[in-house]
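Colleague: The residues making up each chain are set out below.
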Amino acid sequence: MAGSATSKGSATSKNVIAKYLPVYFVLLGIAALEIFLAYQHFSIGSLLAILLALAVCGGALAVMYFMHLAEERRSLFLTLIPATIFVLLMMNMIWSDSFRLLHMKPFPH
Amino acid sequence: MSETELAMHSHGAELAEGSPYHIPSRKLTMWLFIISDAITFGALLFGYGYLRTASTDWPTPFKFNPSILNVMIMTVVLITSSLTMLGAVDSAKVGNKAKTRRFLWSTILLGAIFAGLHIREWFGLIDEGVRLFQNPWGSPLFGATFFAITGLHLLHVISGVVALAVISRGFSRGWLTPGHVETTGLYWHFVDLVWMFVVPLVYLLNISK
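Chains as they are written, first to last, in our numbering: chain A, 6 to 114; chain C, 4 to 212.
Hint data in this document are derived by calculation from the structure and do not stem from the laboratory. Wrong hints could be hidden among the right ones.
With a cut-off of at most 25 Å between alpha-carbon atoms, the simulated SDA-like pairs for lysine to any residue come out as follows [as the list claims (entries may be wrong)]:
id	chain 1	residue 1	chain 2	residue 2
1	A	Lys24	C	Ser109
2	C	Lys96	A	Val28
3	C	Lys66	A	Ile35
4	C	Lys30	A	Leu83
5	C	Lys30	A	His73
6	C	Lys102	C	Ser162
7	C	Lys212	A	Phe47
8	A	Lys24	A	Ser51
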């Protein structure tokens, strides 16, 4: 019985590793692409936007497949993810201030 | 069935409502913790972005060798540790304790390598004169943001390594369940996820070209 459980376990673990290998390689590919792009001549704003977009893609893959959110009920996804994205987007209110400070224009008179 | 058992059974049936998400409360709690932690890291990274963009003299000290090379190795190590963690969760679910322990200790080893490389990176910068509120190159806030963000992430990695060691021991001895392994796995993948945002924002935006 124990032996059968062990052999079943070995087979399943190999399967799960094989199942997630494509996600693993895509994540490594995204990381490599980010490093390549960082050495190209983009403005800081463009580079930031590109790197953030790639990081969001990598993060989404990790959440959906490594953390198995894709396999959970949709209600869990709908409860957690839109609220998190909303809060994170609201934090972007400070970005406009940072660009305004850069150009020494604290307030538009 | 005794009278007490009968009473408990009937009360239990009334109280035990099905989870709307169809997951154990332990797992839901971990998800809620992860969301709150994601917002904490989000606040730190947005705060850093604010300072980075608003400063004209922000330092760009990260050379390909050793910093970016080190970051590349750290990234591979951390993403690989997520893969071994998936193996541990899967082995635990089918009740293979030996394989679960091997996968968990592989994850712990990779986490410890990551932490070691990170600490080496820190010492390299400290040797170059970077402190919390001063550095030889420019905006003094560089050190504060760098050490705060990477330090909080490193704290998560070290906590995760300790938690995985405890879980491995508990699962082997039978006082923890596959559910505990799975919940800790969620945390570990989250640590990996945060690193995917720390690398581009903290390192790649500050490359020395």
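Colleague: Which of the numbered hints are not met once you compare them with the structure shown?
Modeller: 8
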